[in-house]
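Undergrad: Hey, can you work out the whole structure from these sequences and the hints?
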Amino acid sequence: MNRAKEKHAVGSDRYEIRLSGSGGQGLILAGVILAQAIGTIDGKNVVQSQSYGPEARGGASRADVVVSGDEIYYPKTMKLDLLLALTQEACDTYFRDMKETGTLIVDSNMVTQPPTQIYHGFPFIQLAKEEIGIAMVANVVSLGTICELTGIVSKKALIEVVKMRAPRGTEEKNMKALELGFKIAKEAKK
Amino acid sequence: MNRAKEKHAVGSDRYEIRLSGSGGQGLILAGVILAQAIGTIDGKNVVQSQSYGPEARGGASRADVVVSGDEIYYPKTMKLDLLLALTQEACDTYFRDMKETGTLIVDSNMVTQPPTQIYHGFPFIQLAKEEIGIAMVANVVSLGTICELTGIVSKKALIEVVKMRAPRGTEEKNMKALELGFKIAKEAKK
Amino acid sequence: MELKSDVIHQYLRPKKKFPHVWCSGCGLGVILGSMIRSIHSLDIPKDDVVVCSGIGCSSRLPVYVDFNTLHTTHGRAIAFATGVKVAKPRLKVIVVTGDGDCLAIGGNHFIHACRRNIDITVILANNWIYGMTGGQFSPTTPTEKFGSTAPYGNIEQPFNPCDLAISAGASYVARSTVYHVDQLDKMITGALNKRGFSVVEVLSNCHTYFGRLNKEGDPVTMLNYFKKHALPVQAWDKVPEEKRAGKFVTGLLHDVEKDEYCDNYEKLVERLQAKMESK
Amino acid sequence: MELKSDVIHQYLRPKKKFPHVWCSGCGLGVILGSMIRSIHSLDIPKDDVVVCSGIGCSSRLPVYVDFNTLHTTHGRAIAFATGVKVAKPRLKVIVVTGDGDCLAIGGNHFIHACRRNIDITVILANNWIYGMTGGQFSPTTPTEKFGSTAPYGNIEQPFNPCDLAISAGASYVARSTVYHVDQLDKMITGALNKRGFSVVEVLSNCHTYFGRLNKEGDPVTMLNYFKKHALPVQAWDKVPEEKRAGKFVTGLLHDVEKDEYCDNYEKLVERLQAKMESK
Amino acid sequence: MADKPKKKVEDKPPEKVENKAKAPEKEERKGSADPLKIFYHWCKACNICIAFCPQKVFEPDRDGKPIIARPYDCTQCAFCWLHCPDLAIVSNEK
Amino acid sequence: MADKPKKKVEDKPPEKVENKAKAPEKEERKGSADPLKIFYHWCKACNICIAFCPQKVFEPDRDGKPIIARPYDCTQCAFCWLHCPDLAIVSNEK
Amino acid sequence: MEKQVKLLQGNEACVEGAVMAGVRFFGGYPITPSTEIAEGMARRLPLLGGRFMQMEDEIASMASIIGASCAGAKSMTATSGPGFSLMQENLGYAYITETPCVIVNVQRGGPSTGLPTKVSQADTMQAGFGTHGDYRAIALAPSGVEEILYQTIEAVNLSEMYRTPVVLLLDEVTAHMREKVMIPSPEDVDVKQRRKPTVPPDWYKHFEISPTGVSPMAAFGDGYRFNITGLTHDQVGFPTAVSSEIVAMLDKLRDKIVKNAEDICDYELTEMDDDPKVAIVSYGIVARAAKQAVMMARDQRLKVGAVRPKTIWPLAVNRLRKLLKPVRKLIVAELNQGQLINMIKHHVDRRHTEIIPLQRYDGELITPAQILNKIKEVKHHGTQV
Amino acid sequence: MEKQVKLLQGNEACVEGAVMAGVRFFGGYPITPSTEIAEGMARRLPLLGGRFMQMEDEIASMASIIGASCAGAKSMTATSGPGFSLMQENLGYAYITETPCVIVNVQRGGPSTGLPTKVSQADTMQAGFGTHGDYRAIALAPSGVEEILYQTIEAVNLSEMYRTPVVLLLDEVTAHMREKVMIPSPEDVDVKQRRKPTVPPDWYKHFEISPTGVSPMAAFGDGYRFNITGLTHDQVGFPTAVSSEIVAMLDKLRDKIVKNAEDICDYELTEMDDDPKVAIVSYGIVARAAKQAVMMARDQRLKVGAVRPKTIWPLAVNRLRKLLKPVRKLIVAELNQGQLINMIKHHVDRRHTEIIPLQRYDGELITPAQILNKIKEVKHHGTQV
Ligand SMILES: Cc1ncc(C[n+]2csc(CCOP(=O)(O)OP(=O)(O)O)c2C)c(N)n1
Ligand SMILES: Cc1ncc(C[n+]2csc(CCOP(=O)(O)OP(=O)(O)O)c2C)c(N)n1
Ligand code: SF4
Ligand code: SF4
Ligand code: SF4
Ligand code: SF4
Ligand code: SF4
Ligand code: SF4
Ligand SMILES: [Mg+2]
Ligand SMILES: [Mg+2]
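Chains as they are written, first to last, in the working numbering: chain A, 104 to 293; chain B, 104 to 293; chain C, -19 to 259; chain D, -19 to 259; chain E, 47 to 140; chain F, 47 to 140; chain G, 171 to 555; chain H, 171 to 555.
Hints are computed from structural coordinates only; laboratory data are not their basis. Idealized CB from N, CA, C, for every residue including glycine. A couple of the hints might just be wrong.
[To be verified] Here are a few chain H residues that sit away from chain D, every Cβ distance over 10 Å (derived from the structure):
id	residue
1	Ala431
2	His517
3	Arg521
[Claimed, not checked] Listed next, the in silico DSS-like pairs over lysine-lysine satisfying Cα-Cα at most 27 Å (straight line):
id	chain 1	residue 1	chain 2	residue 2
4	E	Lys102	C	Lys208
5	G	Lys176	C	Lys259
6	C	Lys255	D	Lys125
7	F	Lys111	A	Lys232
8	C	Lys(-5)	E	Lys111
9	D	Lys259	C	Lys195
10	C	Lys(-16)	C	Lys26
11	C	Lys255	A	Lys266
12	B	Lys179	H	Lys544
13	C	Lys207	E	Lys102
14	G	Lys495	G	Lys473
15	H	Lys176	D	Lys255
16	D	Lys72	H	Lys375
17	D	Lys125	C	Lys247
18	D	Lys247	C	Lys195
19	E	Lys102	C	Lys(-16)
20	H	Lys422	D	Lys(-3)
21	A	Lys266	C	Lys259
22	G	Lys176	A	Lys258
23	F	Lys102	D	Lys208
24	D	Lys195	C	Lys247
25	C	Lys208	E	Lys111
26	C	Lys125	D	Lys259
27	G	Lys546	A	Lys179
28	H	Lys429	G	Lys544
TA: Below you can see the structure in the form of structure tokens.
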């Protein structure tokens, strides 16, 4: 099956995202936020799923989001358009699930041996720690970056959902993290 | 279906017996004794069954015995060759299950309105009470009578099984009851 | 009691043929009468009474009485009753059950209902045997007694159902027998009056199986047994240990005030609704 | 104790990968260690030990130990164990179970095994919650505490598992905690040594669910809770009622001699065989 | 040699019962002076009333059912109707 | 904003575990003079030993695992190895 | 409007649907992967004045919802395979007593404890034949989150309309994935209520043989006093051993389902308009892969269609036969070793239609690629169709 | 010799057979109409040094016999529909752990409490599909008292040979009727034992994939220490989530039955030699009526035959197809609303064979006359065959 056909086959604007890293990095939540923003505010169709069971306990944790303007038939990812990897292990595990033309975004400190030359690297965790004060918001930083880089979700939607979902008292930090994500992506695009 | 055909159809020597009366008259046990004598000693094939469940609680109680020299296919009675009825109710209920040529034996005190003219009547219960001293052995008396009248079971077998099955201390009474049964039947045949 | 002796008949189902299915002399009929008198004495409308049961001779009781009746699966009556009660708490829910139904297959539902202290009354007809299936030993059959599955005598030890109920959390626990009908009426009335989970264990004669297999023959013999071996709790507490041997204690054994499940739930709902309104 | 501290490792399954599946700090690992030390101290050959369990975090224990292990269905371990024990009475049969496994779905098997006084040791890891399925309240969750299915606080009342076991007929009943490891070792050793049905309730921390949902966070906090609120039975009996409030009693709560089920059966068989021979 | 007591079968009555009575019929063998009514269609002759009546009011009839043999001895103590398992006795008082 | 504690799933470990160790390996960070051995591959950094050691022998490392910081204070009281839920501590004595 | 769109997990959608359909009693026992349903109910019901009970086990759960239904509440439980097995006895009681209630079975790998966190469709046959005796089941199989919401409502409605337990067969994937759901406003939801009796109490028969085949149903406390029993019973509700009454009862249980099968069961069709000679039958989550595969196949100019029964029990047999008339090769794709295929084999005329299994049971989904490959294989081996 | 002939009830014959086959542990809970089996075992086993246990319920009964089997005893339980429903969860555990044991289900009318004292064959499908997940059952259906004895032995043997639970489906009539039974002498009975491992303990895998498809089985206390779990497991017995291991396990459960189906399942043929175009398939007690009807029909010069599978699960499919090849009209007679007929429809080529149901479910037997009538009807309506 050549790639052109494949693209066509799965629906013209189907877009498959995987956020991956290790447990505790908040990637499931990030996936839910992303899906919620795209689905309930941007108004596209969306399916979010995650590894459940043994896999979820292994080294690599992941959240998948499939986006489409049309009906989404198969709910799980088939070939990723976008992979976010916050650890080397996740990157190694999931890179093979990507399309050739897919976008790879990694934490540049954690993924020291990227499997390809074409990727975007940002030190999400370090930045989160240094600029926001807690490493835990690295997930939100990366969401901002994804938004800015791919446009798969609107800023407005993302801001709204992050606000809504942020635990009380952390709204500000999370908004700052999001902005940070936008910023570094914008800079990278330049 | 005419009767000749029917006879043939069910196996040339198939013979169907029903012992009926009311609960507590010991007819199930009589059925088991009869079946055991025919099956394990006379060496014919035999199936004994009884009403179980609601019927067994109603007025009429019954024990069926199907006898054959050949394999017995259908284990339940289809058309009775022999009906023993110790109560009017049992007689009324089961008479319709008899073959036209079947043998009807009743307790002549209990069955005051026999449904046919062709039958054998004996005052089993009264005789048991008067001659043996307990009404309860009427079942055994009637077994003796059946044996003598029909020859469907051998005397030897019946004696052996009644001996075996009689509760300790009652052997003698039961043997006397059996003999009484033989006797009254023999007299009747004369 | 001010009861007319034939008040019972007003509570029997007109469409259901009497006499009942039980053996001549079976204690279950006495329990039937006692339950009806107790309900009557409390003036509970028939429409508000639900009588649930499982499977067993004792569980055949509801079909005769003119209430809402639910004849369920073996051992599960209390769980069904729980659903009925929680869905419509104003109903008076009674479970009639046997030692097998309640304590063998149904033991778990029994202890959990005790624990929840849900407002259900259990009338446990304990005849020390599985009557309906023909005399197998039960969890209350005394050691060494015979059952059709204990042909050499029972090697197991029996439950004390009242102790079990108390330790599991029931708020009202009583014992009586089909001989001690006055006491029985009082115990059942008390149980019905109790807000919480109440258990009345009634020793009942199954002479047909327990009696026959253990040479305690007829109903009269068994009733006499109950008469002789019962010791009311007031007396029990006073007699010395050795005098208790072979006897059993009767009367109200346990009566405490505790939170009832449906009440707790109602309070929770009120609290939540108050909170929602205040928002 | 004369135990080498690393004796435990000789009992872990070589083929089974360690570390175990339990959360960091989960009390179940402590129970695992204690059970192994107790078996070791009694010199029971590995081949003769059978460890059964149902389903739950606690029920995951057997897979790590190098005995005969039977990981069964939720709540039924005791019934499986009964079959094992009765079929081969020389085996030492241990059931490791949780508060949900043993007392919710498995309650009936538990009380019946108590009643039969069959020679099985139950180690009941009571963490007041269903750990494995994610923190639903259990039959031992204290009233008002939170669970994922008790989002507004638990309105039910908890069992006291030891009381239940005693009233149902167990012959050895003890309680300890994962903080009180010396005591725990003693209680389990005692249980294993007992001929009859023995129960050791071990309070164990599930900080991941019970702790988190009830703001008792981490393992250290929960262990400290056990430390502060446990009162050994010797002390318990002496302190006045009001000093007991909020505390729980630990130690050997019940230890009586009774006929054991397998022994009774063996005696029956001998009696019958003697009778047959004499014929 | 009668049957051993009949094997009980689930959810079925173990004894022969007469299903003739639809509702209690007031049958009194001894006229209205009797202290009690006995519904003979329901009575299963268990002997409880006869054996336990403290005043020995009853005698068994041929079938074992109670005949009110000594009506004037009855103290209305209630034992019989409270203990009749077939709910076959009611008082004529009140 | 990290995940809420992860939903537990039946019969699966709720925490990330490292499955690298096959059998206890004796790893000693402080040389053989140490009173204890700690199997770091098994240790899940629960903090129990560190918090409860009566002699405050341990200090947490970067990952929260115990470093035997004050070996000579250890009295071999056994608390740590009896309470380590991961069976990751053994004594060097005896 | 905006508020009406939510991102929900399948299990959450089930809770939404249940609440909308009027379920006010839930009795359950937690089990993966259904637990979120109980948790959602525990949170929601008290707010609505309803009742959530965590019972001591699944047997009690099933009993409690039947009891609650007898008292007039719409009731539900949720479980997975092991719990569903335990419910079988009391489920049979619900069938014979014609008591409306809904049982959600979120399937996971079996048998026994099996694969608690993995997807499966291996309880299909059990949903039709799990309890002893003759009966007919209704079992729905939604294939997405929004549909779970609607089919939960449908399940409650069917249970009320036909006075019968209804099984909702979910699976681990649909239960846990999140999709966008348009929450309908209450006015837009068609909520059915069981038919209540209109006769005076003395005339009331709880199991009356009525023209519709479904008896009106009074609740305890409504002023009708009646008997319910799991014994074979007459119309009034008393045990019976009379042949004609037994047969009437069993036929009623069967006919109210079988005769209404064409109404109860609905099909979703994908690319079936041009009478493809190759088609896929699949249900639940697998149908999503099938649909995807059909799209992929059509892209490759392969004439293929897909049929998805939304109801597994009963199948609308006549419609199915008609639908599949042009089909020569029928791929039946399931997450098991072959279960619904048994029933398809019955109903489809195998003189004309060859039936080809596609089965997966390692706890993973059948992928569109697998189906597409099968399509090609079938096309290749078959006579040129 | 004389002593060898006994008049036995079906349930008594089952006890005889079990004892002969070496059953030494029985865990049960009484239920009509199976109770006499428990009672017989309670009497017999202690005399033989075996153990009878009356458990607290059927769930515990099933658990106890699995436990006993793990400890090395041949074990058995007996129940009826409601109890069989309760056993389903642990029955699944026996399937997945491949633990030999025998479950006797003396069928009565269902669903639920149903008709406790009446005859039925309505648990046929449940015996094949009652528990959740994929598995294959063995279920035998004897049709007379003597055969009950032999099939009980066979059930124990099959369970030992294939390391699987085996269901023996009796019914109220065969269970309670008395027939003459030739009690075989012990030497004449072929008693099978499970294969024991021959490898050293360290090499032992409780679920080894062996050439025969059945793993040798050690007992607890034999010196092998191993793990048994109801989770999907690898060959050693540890839980696994690896695709290939999952598939291997499930295929093993299926294949050891399916591949041996022609060995496991046997047919009794009546008047099938002259290739009758009309035939009856029936099993259990109904086959007795069918045989009678065939005799009656032959008497009337109607060319009819009868086929009786002695095993309901699995059917020897190839043999069945071959057997029925000449048959144009096949009457499937059952005491239910149509259960085995489902499977017959699968397996028989319906292009050539029309399948006609004959069902009765009022708690009474199908009579020879009913079958004969059906035969005539079929002959009449059909093309002249
Ligand atoms: C699931 C199930 N198991 C077993 C039975 C058979 N059964 C019916 S009643 C009964 C025992 C009843 O004993 P008990 O509750 O003491 O009632 P009794 O007849 O003694 O009043 C049993 C075992 C059943 N109906 N259902
Ligand atoms: C029949 C059945 N019902 C429910 C479950 C789901 N389940 C697995 S473990 C568990 C609760 C375990 O609680 P507990 O025994 O306290 O063990 P813990 O995890 O707390 O140690 C439940 C409900 C199951 N596996 N099987
Ligand atoms: S069998 Fe026993 S319990 Fe049942 S009705 Fe007869 S006497 Fe009563
Ligand atoms: S969830 Fe609770 S019980 Fe389970 S391993 Fe974690 S801490 Fe222990
Ligand atoms: S009321 Fe008392 S005295 Fe009168 S007949 Fe009855 S038992 Fe005897
Ligand atoms: S107590 Fe009742 S049933 Fe018994 S003999 Fe007297 S009247 Fe008849
Ligand atoms: S043995 Fe005691 S003193 Fe030594 S490190 Fe451990 S806890 Fe501390
Ligand atoms: S107690 Fe054990 S697991 Fe916990 S920190 Fe110490 S060594 Fe590590
Ligand atoms: Mg009883
Ligand atoms: Mg727990």
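Undergrad: Against which earlier hints does the structure fall short, listed by number upward?
TA: none
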